[in-house]
Structures are given as C-alpha cells and as structure tokens.
Amino acid sequence: MDWQGQKLAEQIMQIMLLVFAVTAFVAGFVLGSFQMMVLVYAGGVTLTGLITIPNWPFFNRHPLNWLDPSEAEKHPKPQVTVSSKKKGSKKTIEPAHRLDPSLPTANLVTLAR
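Numbered according to UniProt numbering, the sequence shown spans residues 1 to 113.
Do not take every clue at face value.
As the list claims (entries may be wrong) - Beta-carbon label-pair distances, calculated as ranges: (1) P69 with M1: 53 to 59 Å; (2) W3 with K77: 17 to 23 Å; (3) A42 with P76: 48 to 54 Å; (4) A42 with M1: 22 to 28 Å; (5) F25 with N55: 51 to 57 Å; (6) V80 with I51: 17 to 23 Å; (7) S70 with L47: 53 to 59 Å; (8) K74 with P54: 24 to 30 Å.
Source of the hints: derived by calculation from the structure; they are not laboratory data. Ideal Cβ positions, reconstructed from N, Cα and C, are used throughout, including at glycine.
Starting from the given sequences, assemble the full structure and let the hints guide the process.
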C-alpha cells in the first residue's frame, strides 16, 4: 500500500465508522434496543475492516520508485553523530565533518566502516 493509499484507507475508515455509529444509534433508538445498536455497529466495524485492512489494488495507484542498489552504492549516505550540550537537554545531530574540521569529507565513508 502506498502513502496515498494509506491516506485513502484511513479516510474511508473514518467516514464508514462515523456513518455506522450514527446508523447504529438511530436504529437502537428507534427500536429501543441497545443490543441492536451494538450489533449494527459491530457489523459496520467488520465491514469497514474488510474494506480498509486488505491491500486492495485501488490502494496502490501511486507506487514508490525505489533506488537501484547499484545506484545507491554510488551515493553513500553522509555519516552523522549525536552531540548534546550541557546547558540544554536538546540534542542536535551534526555531520561529522562539522565536529572535526580537520577530517576531509571524502574520508567520512571509510571512517564509518
């Protein structure tokens, strides 16, 4: 399921649960039966789950294009280190070459290995 499919599934789920909640309340109120209200809502939750949980094809309309492994090796990810300041509790993440300016940036990959 792609990102837009996840968003669509969540929107469908919210709308269906709201509609079934209102329908269950009205049915329970008109019939004067709490049991009928719970049964209608339970049926709605089950139907909502059957529609939104499986990975249906209409949730995969916008697939992600992943980077080929050979192409990913050509562009290594920059190494980062976590540093904390004593005065503040906030941690900052800075690239390794900013912490030690004497390190050449080309050797960051070999240092991490």
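Supplied distance hint 24 to 30 Å, evaluated on CB atoms of K74 and P54
Cβ of K74 to Cβ of P54: about 38 Å, so the range 24 to 30 Å is violated.
Within 53 to 59 Å: is that where the Cβ-Cβ distance between P69 and M1 falls?
violated, 23 Å
Taking 51 to 57 Å as the hint, is the beta-carbon distance of F25 and N55 inside that range?
Check failed, 32 Å falls outside 51 to 57 Å.
Does the Cβ distance between S70 and L47 fall inside 53 to 59 Å?
violated, 46 Å
If you check the beta carbons of W3 and K77, does the distance land in 17 to 23 Å?
Holds - the Cβ-Cβ distance for W3 and K77, about 22 Å, lies within 17 to 23 Å.
Take a look at whether the Cβ-Cβ distance between A42 and M1 falls inside 22 to 28 Å.
With Cβ atoms ~25 Å apart, the hint holds.
Distance restraint hint 48 to 54 Å, applied to the beta-carbon atoms of A42 and P76:
holds, 53 Å
Within 17 to 23 Å: is that where the Cβ-Cβ distance between V80 and I51 falls?
Violated, at about 42 Å.
This entry does not satisfy hints 1, 5, 6, 7, 8, going by the numbered hints stated previously.
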